[in-house]
Amino acid sequence: MTAGGITAEPPIAAAPPPSAGPGRLGRYLTSAIFLAPALFMLGVWMVYPAVYTIIRSFFGQTGFFGHWVGIDNYKTLFTTSTLTTAIKNNAIWVAVVPALVTAIGLVFAVLTERVRWAVAFKTVVFLPMAISAFATGVTWRIMYQQDPGLGAVNALGKTISGVFSPAGVLSSASPSIPALQSKGGALVLKTATHPGGVALLGLTGIAPDQVPKSAVQAVQPAPKPGDVVGAVWRDFKPGGGKVGVLEKGEVGLPGVTVELRDASGKTLQSTKSKPDGSFDFSKVPAGTYHAAIGAQTFAKPFGGYAWLGPNLIVPSLLISYIWIWAGFAMVVIGAGLASMPRDVLEAARTDGATEWQTFRRVTVPLLMPVLSVVFVTMIINVLKVFDIVYALAPQSEYAKANVIALAMYFAAFQGGGNFGVGSAIAVFLFLLVIPVLALNIRRFKRES
Amino acid sequence: MTRTRIAVVAAGAVATALLVAGLAGARTSSTGRAHQNLAVSGTITFDGIWTASSGQKQFADVVAAFNKTYPNVHVKYKPVGDSLPTVLATAVAGGNPPDMADIAQPGTVAQFAKQGKLKPITYAKSVIGANFASAWQQLGTYSGKLYALVFKAANKSVVWYNVPAFKAAGVTPPKTFSQLLTDAKTIKSSGTPAYSIGGADGWTLTDMFENIYLRTFGAAKYDQLSEHKIKWTDGSVKTALTTMAKILGDTSNIAGGTSGALQYGFNDSVTNAFGSPPKAAMVFEADFVGGVISSSTKAKPKTGFNTFTWPAITPGADAGGVEIGGDLFVTFRDTPAIEAFVKFLATAPAAEAWAKQGGFGTGNKNVPSSIYPDPITKATEAPIGSAKSVVFDMSDEQPPSFGATAGQGEWGLFQDFLKNPKDVAGIQKKLEAAAASAYKKGK
Amino acid sequence: MAAAAPAVEIPAPRDSAAAKIVRTVTRGPLHLALIAIGGLWLVPTIGLFITSILPASALASKGWWQVFSHPSTATWANYDALFHNSGLIQALKTTAYIAVGNTVLVVIIGAMAGYAFAWLDFPGRDWIFIGVIGLLVVPLQMALIPMFRLYNTFGLFDTWYGIALFHTAFGLPFAVFLLRNFFVGLPKDILESARIDGANEIVIFLRLILPLGLPAIASLAIFQFLWTWNDLLVALTFGQNTTPITVWIAGQLREFGTSIDIIAPASFISLVVPLCVFFAFQRYFVQGLLAGSVK
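Protein chains in written order, with our numbering: chain A, 42 to 489; chain B, 2 to 444; chain C, 776 to 1070.
Just chain A, with the same shape it has in the complex:
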């Protein structure tokens, strides 16, 4: 913990001058009185459980205190793959979140100082902290849903992508006969057609409500010499019907772009099918042709990113967490700013320093104690993170998104009450914090 203060400052007074005030013993007594309640409560509610946990970690699984297993639980810790993933994930959390949250909080705290409607903005940023972690997890879980119809994030993506690459009319359709094959997104009829021939392009996988309203009973047109005729229709009737055969009860698909391709695959003509699904390529010279349905018909709509899928689940969690905790940083740092005496800032300003210089040389150093509280608290919070991962990540991604506290919860409470392993994980968590504390001790010692 840095002592704060500008570099020219003398260090914090270690003790009041010995001549003033009561004797040494009296002073220690005073300290004891001030400290007693805190130390008592911490001793009972936190030190005792911590010691209990350490001891418990060397015992086996069953019930109160099972049998001694030595370091077996710790061995399990390091050999279970889900736990190593958890450790890796926590490392990512520690690297990303505290710095970002503190920085964002600082920026917000400083910026809102100068704005009259600061309280409104602060309330907006603070609100996420006021909502319970569980509700927040559920909210973001819904927002991250892959289905653009349900998940807000992907809905936004769909709107944007819809502008650039609109979905096809029949994006879910598939061919009803093997002869109709997929080539580069389009469906091409493998069987060749000649002028005077009929090309039947049957499609299935089309829900009744996807059929355009203008569709009517499909009609197989009669062959016309010199023309290539055919029909695009929904090759399905209740029960299935005969595949590839145009039957009563099956509707045509109007508005579909049908292409006439030559043997090499080049599109020679294209037309749109009529309400009964029929199409007509006229004045076709002699030769071998293949009828095809254009690729744009099947263009898939934006399917949404899998924010809750294995690749994006950790970033998704980080974003939600930062959204929640930036408010904490902002409020605490805001309090720090409020405690800063104006005279120092004004002195710097009147000395000709710019806003940025004032910020860097005066404000930030004065804020160091507060910044360090926020930063260290966030590091420890992030090492303990549980609620948001539990509520937000789908069960299928728990292994991928695993964090130490989640693993501990499952080991101790869900996985059959193995408090031995659970305690070992908790002890491991304590140990992880030691480097953090050590770093801060050194900085603190240097300053004082």
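Below, in silico cross-link-like pairs of lysine-lysine (BS3-like), each with a Cα-Cα straight-line distance of 25 Å or less: (1) A:K129 - A:K441; (2) A:K129 - B:K431; (3) B:K420 - A:K341; (4) B:K168 - A:K289; (5) A:K283 - B:K186; (6) A:K341 - C:K837; (7) B:K222 - B:K239; (8) A:K283 - B:K176; (9) B:K423 - B:K232; (10) B:K299 - C:K837; (11) B:K168 - A:K283; (12) C:K868 - B:K79; (13) B:K420 - B:K186; (14) B:K232 - B:K222; (15) A:K199 - C:K837; (16) B:K379 - B:K301.
Note that these hints are calculated values from the structure, not bench results.
Given chain A, work out where chains B and C should sit, using these hints.
What follows is chains B and C alone, placed relative to chain A:
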């Protein structure tokens, strides 16, 4: 708490003779007329999973029925919801469990019994024997002692389907699995995916596997696998998994595809199948799907949704068998009040108080099927009591670290199987490894 | 802090023309940026609110933004159902006792300890302080079982003060850390002159430290209140009939089926109180409190 305890014990000691007479008289309650037993008194703390919107009120009705005969016993119910495993584990390990609790996994019950935390309910043996087939008694027995009463059961061999979707596809509920696959293809051609799978909740996948296994190999072999007498690397498991892959591998026929199925939880799988427009035509899950449909969708019974029994696979292999999930009631203490309550819970009036409101199934053979409030409920609940063979949800019978933990064990591995249904052998190996380690540690 | 001469009347901030211009020029884009960020930040919360006024069946097939195209689907029915559910008011009261009780305790005990670590000297001060910070790491779940046994022995189980004391203890590491770091930044000279004048530590603490540390105390109070208001696990574990709002909400959720029509409105009802606390304490964050307030 200590003082009340002493008072109860003292009262019990004094009233023993009265108690015996009272109970003997109260047994006639099954005919409708109850003798009030004022001698038995006390409080029973009960930690349960049912909350205000899912069963707490109905359970209160069961307690009210109990209070008709035992008005001086107060049952204090604490609705804990999803956190029940944590709270219960803490309370048990911390030395102050509730008097009774409702646990959904026989595996967890076995664990508590092994640790010596449960009190046997041998005093209720004859009542249970009079009301339940012996298989049900077996479900609550560990190392030869009776510890749990299966009070509420859910029929997991049910498939719910979207009626308009089936009609549009021109298919009727299939009776065999091969018919199911054919129908699924037809449904896909009609434009709706056939299967709605809630893969984010691993237990839906284990339920599917268990139904397949039961209907391919029968109840006897099912029990062997459940007790780990057969390994997960066995050929029968391979057959069942290959069959299951016929559904899981048909990705274009699953709502949302494989990645969607992995993100949709159980609730989503139901709303997907019965929302409008439906994203799929069928959900393979238990009788409690009905509750989700009525609370989260606008679909109506018979016109919007209906049910059929899980299709048979091997002819004769317990084709009509029922896989159940259930709520097991256990006791952590033994007082006259608790004994009276447990004995009551095993009788038909206790089950009927809830059954007539729907959303409740029971193995109590003395509950008439006429008690169920509507045809669909009857179709799903009545088979529980009347089926020739009944097996419990296999994953719930396993040690919890293998059978009932999110992201691990069966739940996690079946999710991996959904991701890659082709790797049957690999999944088998992993399942066996997880099972072996769970059984070895006695977890 | 600057070693300024004591007892100087600090002048009002000088507003030169140059400064005014700089401010106006930087203000426009600043306002825009803040509005944009604020808007984006608010979207999920607005989403949750709209979710709370839509029926569950509507949310099953379409996202909450459907309310913009079909405003008639909005309904207060979800809120209605909650208020008609018995126990909501009692739950709010219980939560208030627990939250207020432990926040007051944390502030007092934390401030005392924070002051001791900042301005009193005793052997091992720094190491004990590090130890206290280290306790921040203790995860709640691991304390449940040992404390459960202890509570049983001392009859604290299922009491609101038992729960409050648990929260107090767990809030202390952060409280001590925060307040100590604040107090350390206070003008040393004011404290020294007070000591020279013969004031004892208690007087210094009450008359000087607390008023000067108000912003820190206010922010601590906000968060401690908030964290205990939203706690579920401790109340669930250590209570049987004591039911704060989070436990009450958990007791409303369905076993199967989405409970978003309960979670969403309940979240908003529940969030009103912490928000009020936030507004109430906001006024202590006015800069310049220090100026001229001491002597």
